[in-house]
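Undergrad: Respectively, the protein sequence lines represent chains A and B.
Under the numbering used here, think of the first position of the first sequence as 372, with each following residue one higher.
Under the numbering used here, think of the first position of the second sequence as 445, with each following residue one higher.
Treat the hints with caution; some may be incorrect.
Distance ranges between label pairs, derived from CB positions [unchecked claim]:
no., chain 1, residue 1, chain 2, residue 2, range
1, B, T523, A, E434, 43 to 49 Å
2, B, G496, A, P432, 35 to 41 Å
3, B, S520, A, K398, 31 to 37 Å
4, B, S520, A, K433, 45 to 51 Å
5, B, D454, A, E423, 41 to 47 Å
These aren't lab readings, by the way, just hints derived from the structure by calculation.
Predicted, not measured: the structure shown is a model, and the values here were computed from it.
Idealized CB from N, CA, C, for every residue including glycine.
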Amino acid sequence: NAGVMQNPRHLVRRRGQEARLRCSPMKGHSHVYWYRQLPEEGLKFMVYLQKENIIDESGMPKERFSAEFPKEGPSILRIQQVVRGDSAAYFCASFTTGNEQFFGPGTRLTVL
Amino acid sequence: GIQVEQSPPDLILQEGANSTLRCNFSDSVNNLQWFHQNPWGQLINLFYIPSGTKQNGRLSATTVATERYSLLYISSSQTTDSGVYFCAVLGGSYIPTFGRGTSLIVHP
């Protein structure tokens, strides 16, 4: 039973480019959280997704950031026109309703 | 939203020592988890423990939901226990809140 998968593990972008981060939940999980972790800090909630639905995106910046979880395929976190302040580790976690969440290995984004 | 405070923020131990990490939260919760983030950045599930006591090897955890705190016990610590320990809670909303973590260093 495969765990949560994220790719790429490391992503380097220049300022102004787009970053696409992917998350495949555990089998049977239809809920996903995305988090951002800055160095030496805890995890900050960004967005909560179910299949084909955005449940809560209150933790996500209003501009440049978007997320989706289509009926088929992985969840995608998209950052347009990246800036240096977007450099961070981005984690996703999947879960079933009311149960424990399981984390992927994260994507470390570096913006040059 | 719910506030989560973890203590101590930093902890340095000699191998073999025991320790207790604390997580206080400001409101009632439906879900509480403890995670270990290892030095490579991976988040490892330790306990899913909204209430009660659980044990797994050298680790155990207790959550007293009525008093709004949880404790993580590490016995006979090993160098591989080094890393950051996070507590995460889920209250009435479905937005999880993480504490700032306890950074643990275990020296050989």
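Undergrad: Which numbered conditions among the earlier hints are violated in the structure presented, ordered from lowest to highest?
TA: When the structure is compared with the hints, none of them turns out to be violated.
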